[in-house]
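Peer 1: Take a look at the letters that make up each chain.
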Amino acid sequence: MPYTAEKPYQNPSSEELRARIPGWGADLDPRDRPSVPREKYDPGASGAHWDFPDRQPGDETREHSIEHKFVTPVFGTSVPLKGFSGAIRRLAYAKFSEGRAAHWLLLILGDRVDAWESHARSFVSTRPDNPITETGILAEAGHHPVSSRFGQNRSDLSHVWMDPLIVAGPWLAGPLVVLGIRTLLRRRHAA
Amino acid sequence: MQAMVYRGPYKVRVEEKDIPKIEHPNDAIVRVTLAAICGSDLHLFHGLMPDTRVGTTFGHEFIGVVEEVGPSVQNLKKGDRVMVPFNVYCGSCYFCARGLYSNCHNVNPNATAIGGIYGYSHTCGGYDGGQSQFVRVPFADVGPSVIPDWMDDEDAVLLTDACPTGYFGAQLGDISEGDTVVVFGAGPVGLFAAKSSWLMGAGRVVVVDHLDYRLEKARTFAHAETYNFTEYDDIVLQLKKDTEYLGADVVIDAVGAEADGNLLQHVAAAKLKLQGGSPIALNWAIDAVRKGGTVSVLGAYGPIFSAVKFGDAMNKGLTIRANQCPVKRQWPRLFEHIRNGYLKPSELVTHRIPLEHIAEGYHIFSAKLDGCIKPLILPNAA
Chain A
1 MPYTAEKPYQ NPSSEELRAR IPGWGADLDP RDRPSVPREK YDPGASGAHW DFPDRQPGDE
61 TREHSIEHKF VTPVFGTSVP LKGFSGAIRR LAYAKFSEGR AAHWLLLILG DRVDAWESHA
121 RSFVSTRPDN PITETGILAE AGHHPVSSRF GQNRSDLSHV WMDPLIVAGP WLAGPLVVLG
181 IRTLLRRRHA A
Chain B
1 MQAMVYRGPY KVRVEEKDIP KIEHPNDAIV RVTLAAICGS DLHLFHGLMP DTRVGTTFGH
61 EFIGVVEEVG PSVQNLKKGD RVMVPFNVYC GSCYFCARGL YSNCHNVNPN ATAIGGIYGY
121 SHTCGGYDGG QSQFVRVPFA DVGPSVIPDW MDDEDAVLLT DACPTGYFGA QLGDISEGDT
181 VVVFGAGPVG LFAAKSSWLM GAGRVVVVDH LDYRLEKART FAHAETYNFT EYDDIVLQLK
241 KDTEYLGADV VIDAVGAEAD GNLLQHVAAA KLKLQGGSPI ALNWAIDAVR KGGTVSVLGA
301 YGPIFSAVKF GDAMNKGLTI RANQCPVKRQ WPRLFEHIRN GYLKPSELVT HRIPLEHIAE
361 GYHIFSAKLD GCIKPLILPN AA
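Read top to bottom, the protein sequences are chains A and B.
For what it's worth, UniProt numbering labels the leading residue of the first sequence as 1, then goes sequentially.
For what it's worth, UniProt numbering labels the leading residue of the second sequence as 1, then goes sequentially.
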């Protein structure tokens with residue numbers, strides 16, 4: 001018990017573990033581990049042959065955290081800001097530091113708006129979104145959907161029923177919003 | 001080229017995209033030969049990471065062949081078979097100069113709190129990832145390494161994140177000879193952390209999860225004792241009893257943002273996005289470790305607040321250590337361990353999925369179908 005000075009239980013001896021487990025103790029010395037010490041000043045170790053990297057072109061319009069002095073010399077260019085979601089995200093970056101909840105909550109809002117915008121845009125493209133193929137749900141067939149889930153003590157079964165609501169939410173909300181706007185317009189027109 | 005593309009929460013598909021171009025003198029373009037889906041990709045897939053834009057290609061675990069290099073690249077050439085750490089980093093900033101490659105300050109304009117990660121949202125820099133046929137690799141002289149001839153592709157791809165991250169997590173635990181180590185989470189990172197704990201001299205390793213098939217893997221791959229937390233009213237109390245009411249010396253959280261075990265916490269965080277992540281595993285870690293012990297956090301959490309029991313952490317005098325793994329610092333030692341037969345990362349691979357079926361791959365991994373532990377993506381299977 002921890003109420004006296006000695007450790008209250010005994011683990012197997014090092015000799016026993018070394019015999020049983022391949023490699024046991026290969027990194028036993030805490031000073032001889034790859035990330036020890038955590039900070040080790042050695043600017044030549046990385047392979048970098050610059051003091052400050054060349055600047056990647058195209059940073060003039062690139063959004064950045066206001067906790068950065070400038071746009072970093074290298075940055076990703078996968079999906080530039082666009083649409084209403086882009087305006088929300090730009091506001092988050094321009095006004096609020098990473099220490100402010102508003103920064104992250106606006107980015108999360110931007111994500112939801114982006115999904116709705118993109119779904120809507122897809123319907124006027126040659127490749128509309130298809131929730132059946134894009135959720136991968138077709139993989140259920142042939143991958144043991146019943147035996148993988150039941151009789152397994154899985155704690156996630158208590159909430160997986162919510163997942164279809166998350167996926168279907170925008171699809172259900174979209175027509176309802178359109179119907180609501182149409183009804184409002186008709187009432188205003190009738191008045 | 002073909003690439004996986006995010007279409008909103010729980011939806012991905014394969015699209016034709018332009019082959020990436022050299023955008024910086026030290027860029028390389030790599031033709032991807034093998035990629036993986038990481039457990040943390042599921043956080044993106046489920047819409048948990050802020051600023052995950054529709055159209056992004058995920059994938060931070062990949063290997064490939066150099067197709068083109070920028071004019072300042074000195075260490076790589078066309079045709080080299082390379083493994084690419086999940087960290088994008090410059091090698092020269094304040095943090096990189098001190099070996100904190102995962103905390104680079106020169107590659108992520110969107111946030112200062114995290115470095116750059118391939119295919120991991122604009123919060124991590126806005127780089128497309130490797131679940132595609134080609135990928136842009138910045139700072140080619142710094143991040144990638146030529147894969148040794150003796151190394152299998154499947155071992156190499158797991159060395160780009162999951163294996164070094166687990167190994168790093170055991171180091172963060174500052175394990176001493178004979179320590180009792182508890183690992184929450186029996187996914188690939190947790191399994192590697194458990195296995196690595198023995199390398200550092202642990203006296204006992206216990207893995208906790210709710211998926212029996214993964215706990216079976218923890219017993220066979222990582223030689224660990226296991227608990228399925230669903231079989232206990234209170235897993236923390238069980239762990240206390242199991243250590244004669246002392247608590248474990250070291251606890252490793254290898255679960256992160258979508259932890260299960262408390263419905264309210266899970267729904268608030270993972271479904272309603274009201275927290276940066278579900279802190280169930282982290283709170284269990286704080287409770288299950290002994291006073292004065294160490295909690296190592298490998299689980300990925302979002303940047304907003306989570307309801308963490310910090311008062312207990314303070315009152316127990318805990319050391320909490322956390323970081324994204326600086327992958328390349330781990331490689332030389334991990335190469336030795338693989339050559340010596342102490343580690344065989346590819347033993348965790350359960351599924352090999354052609355890129356064109358990646359939506360099914362995400363669903364299988366997310367829904368934990370078919371005994372899935374680690375799915376690989378084959379970009380050129382057709």
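Wrong hints could be hidden among the right ones.
[Stated by the list, open to error] Okay, derived cross-link-like pairs now, EDC-like style, lysine to aspartate or glutamate, Cα gap no bigger than 16 Å in a straight line:
1. A:95 with A:67
2. B:368 with A:156
3. B:368 with B:212
4. B:344 with B:80
5. B:240 with B:174
6. B:291 with B:141
7. B:368 with B:356
8. B:240 with B:216
9. A:7 with B:177
10. B:271 with A:6
11. B:309 with B:336
12. B:241 with B:225
13. A:40 with A:54
14. B:271 with A:67
15. B:344 with B:356
16. B:271 with B:242
17. A:7 with B:242
18. B:78 with B:141
19. A:82 with A:117
20. B:17 with B:242
21. A:69 with A:98
22. B:291 with A:6
23. A:7 with B:154
24. B:344 with B:141
25. B:368 with A:140
26. B:291 with B:356
27. B:368 with A:42
These are computed hints drawn from the structure, not numbers from a lab.
Remember, it's a predicted structure, so these values are computed and weren't measured experimentally.
Peer 1: Each of the hints needs a verdict: does it hold here or not?
Peer 2: Taking the hints in turn, this is what the structure says about them:
{"no.": "1", "hint": "A:95 with A:67", "in the structure": "holds, 11 Å"}
{"no.": "2", "hint": "B:368 with A:156", "in the structure": "holds, 10 Å"}
{"no.": "3", "hint": "B:368 with B:212", "in the structure": "holds, 11 Å"}
{"no.": "4", "hint": "B:344 with B:80", "in the structure": "violated, 23 Å"}
{"no.": "5", "hint": "B:240 with B:174", "in the structure": "violated, 21 Å"}
{"no.": "6", "hint": "B:291 with B:141", "in the structure": "violated, 44 Å"}
{"no.": "7", "hint": "B:368 with B:356", "in the structure": "violated, 20 Å"}
{"no.": "8", "hint": "B:240 with B:216", "in the structure": "violated, 23 Å"}
{"no.": "9", "hint": "A:7 with B:177", "in the structure": "holds, 14 Å"}
{"no.": "10", "hint": "B:271 with A:6", "in the structure": "violated, 45 Å"}
{"no.": "11", "hint": "B:309 with B:336", "in the structure": "violated, 39 Å"}
{"no.": "12", "hint": "B:241 with B:225", "in the structure": "holds, 15 Å"}
{"no.": "13", "hint": "A:40 with A:54", "in the structure": "violated, 25 Å"}
{"no.": "14", "hint": "B:271 with A:67", "in the structure": "violated, 29 Å"}
{"no.": "15", "hint": "B:344 with B:356", "in the structure": "violated, 28 Å"}
{"no.": "16", "hint": "B:271 with B:242", "in the structure": "violated, 33 Å"}
{"no.": "17", "hint": "A:7 with B:242", "in the structure": "holds, 13 Å"}
{"no.": "18", "hint": "B:78 with B:141", "in the structure": "holds, 13 Å"}
{"no.": "19", "hint": "A:82 with A:117", "in the structure": "holds, 10 Å"}
{"no.": "20", "hint": "B:17 with B:242", "in the structure": "violated, 54 Å"}
{"no.": "21", "hint": "A:69 with A:98", "in the structure": "holds, 14 Å"}
{"no.": "22", "hint": "B:291 with A:6", "in the structure": "holds, 15 Å"}
{"no.": "23", "hint": "A:7 with B:154", "in the structure": "violated, 42 Å"}
{"no.": "24", "hint": "B:344 with B:141", "in the structure": "violated, 27 Å"}
{"no.": "25", "hint": "B:368 with A:140", "in the structure": "holds, 11 Å"}
{"no.": "26", "hint": "B:291 with B:356", "in the structure": "violated, 50 Å"}
{"no.": "27", "hint": "B:368 with A:42", "in the structure": "violated, 43 Å"}
When each numbered hint is compared with the structure, violations occur for hints 4, 5, 6, 7, 8, 10, 11, 13, 14, 15, 16, 20, 23, 24, 26, 27.
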